[in-house]
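In the order they appear, the protein sequences are chains A and B. Here the working numbering is used: the first residue of the first sequence is 1, the next is one more, and so on. Here the working numbering is used: the first residue of the second sequence is 1, the next is one more, and so on.
Everything labelled a hint here was simulated from the structure, so no lab data went into it. Errors might be hidden in some of the hints.
Same chains, same label: a pair holds when it works inside one copy or across any pair of copies.
Stated by the list, open to error - Here are the computed lysine to aspartate or glutamate pairs in the DMTMM-like style, where the Cα-Cα straight-line distance is at most 25 Å:
hint	residue 1	residue 2
1	Lys26	Asp12
2	Lys196	Glu132
3	Lys180	Glu105
4	Lys224	Asp206
5	Lys26	Glu89
6	Lys196	Glu67
7	Lys196	Asp12
In this text, all values refer to a predicted model and were calculated from it rather than measured experimentally.
There are 2 protein chains.
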Amino acid sequence: MILLDGKKTSNDIKDEIAVSVNEIKKRGEKVPHLAAVLVGNDGASLTYVGSKVRACERVGFNSTLIELPETTSEERLLKTINDLNNNNEIDGFIVQLPLPKHINEEKVLLAINPNKDVDGFHPENFGKMALEMDSFIPATPFGILQLLERYQVETKGKHTVVIGRSHIVGRPMSILMSQKGPAANSTVTLTHSYTKNLSQITKQADIIIVALGIPEYLKADMVKDNVVIVDVGISRVPDESKPKGYVIKGDVAFDEVSKKSSFITPVPGGVGPMTIAMLLKNTLIARERGGNHS
Amino acid sequence: MILLDGKKTSNDIKDEIAVSVNEIKKRGEKVPHLAAVLVGNDGASLTYVGSKVRACERVGFNSTLIELPETTSEERLLKTINDLNNNNEIDGFIVQLPLPKHINEEKVLLAINPNKDVDGFHPENFGKMALEMDSFIPATPFGILQLLERYQVETKGKHTVVIGRSHIVGRPMSILMSQKGPAANSTVTLTHSYTKNLSQITKQADIIIVALGIPEYLKADMVKDNVVIVDVGISRVPDESKPKGYVIKGDVAFDEVSKKSSFITPVPGGVGPMTIAMLLKNTLIARERGGNHS
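Hey, can you work out the whole structure from these sequences and the hints?
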């Protein structure tokens, strides 16, 4: 069993990005600049955005954090987005989700210039991705592809089963894994809450990608020997024996499933750390494409 | 065995559209107007575009056919598209593919105003479709969904196997069938040229959608009893006993597979006739959304 080590791999990617930034600086060119918009004071959102800003610092990017109060109107937020769209200094930006309930997320998403949409959530980017045109691949799926590629996991002709059809993980993974290209060309089955006999399907899988949000859902008796496991779940499970009062669990019963796996992502330290690295990568790509001049 | 009769169903849909057009006329409002751009003299393209124009006449739409010579420059075509984008009289338009080789199809596609893109090929529409937002569903997939829905074929929780990952049929079908909504909520496996043991997969399928372009590829020994078959293939197979010197064959060996099927589309007369009906439907939707005012 080989661990798909997201912590190590994401650090490798950040190092590579830092090298690129140094070269940009040596050439006297503008360094990549990522902006993040945060509306309100949600604790988890503050943590995520904070990590993104620190990651920018680490690789030498400029970053801008725009903090707006919980009471910000939709109109005001759309104005902020429009300013970022037109600001040539900013290569890419993200609007941290979720947004307060009085703001229409779809409207906000559609207002982002697709050339600066480094989260890859704008439908134009999603469509380009699905149609195999240049786009921004959403960070989590992009991170999973990178893990599979860098560990040289064979995907071509393999049967990949994706559990969960969310717009940000399951759906894009099912599309990407069945396309042409590296870490792709799989036969892909997408399963979800209406799927019958799930374990009958997972037992046929060479690769399983689980993005369900149910701690330790996937058990050893649901998989075959030498399966490749990518676990996207992150849940806090109460555990009074721990200092924080909880442990972090993935969607996979790691102890038992790892014994049957050829490759497996740990949780934490698997898919999670890859996400921010790929956001940085997308920002570097946005700068190279000159999205800020379009 | 029940035939999924596309000829009858498409006529039903056209009748429904004609009723809507009559109501629009009674209210003294502008009738839907579809434009088609044809570059060059490809015989098949001429036939397709001709059918589309005649279908418009039948339901009471206005239609405009813009015929440009084979030697038309990309710049000239883009100018034509821009004019159509800005012409408030036109609700939707299509650019008949394929285009001459000196013209970049992707560039042309991206130039179409997504609100008038009644073929649903623009990546913004494709992305909206994948993300379950309002969009234009490409005509062939839309037609297949309509057939399944109108014949009340149960899809929820069923295992649907799609053969072929083309951007215009296989990929969108795999997405649509696994979404929420009517004629959906299937567990979907998308197969393609790298798929191993295809017949082992098709034998597990409750529903098979074949869009491969290989005449009579799917045989009876590849399917289970009571399977639902949707055959998107249309090939001309030489046959000297026929007046035209050929017969039209689908991707399914109809005679033998139909005996094991609960529902099956014939070829011709199955999916084919649905495509133009759904193009008209998309044009009606475009008019209702007021795409020409955006």
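List of violated hint numbers, smallest to largest: 6, 7
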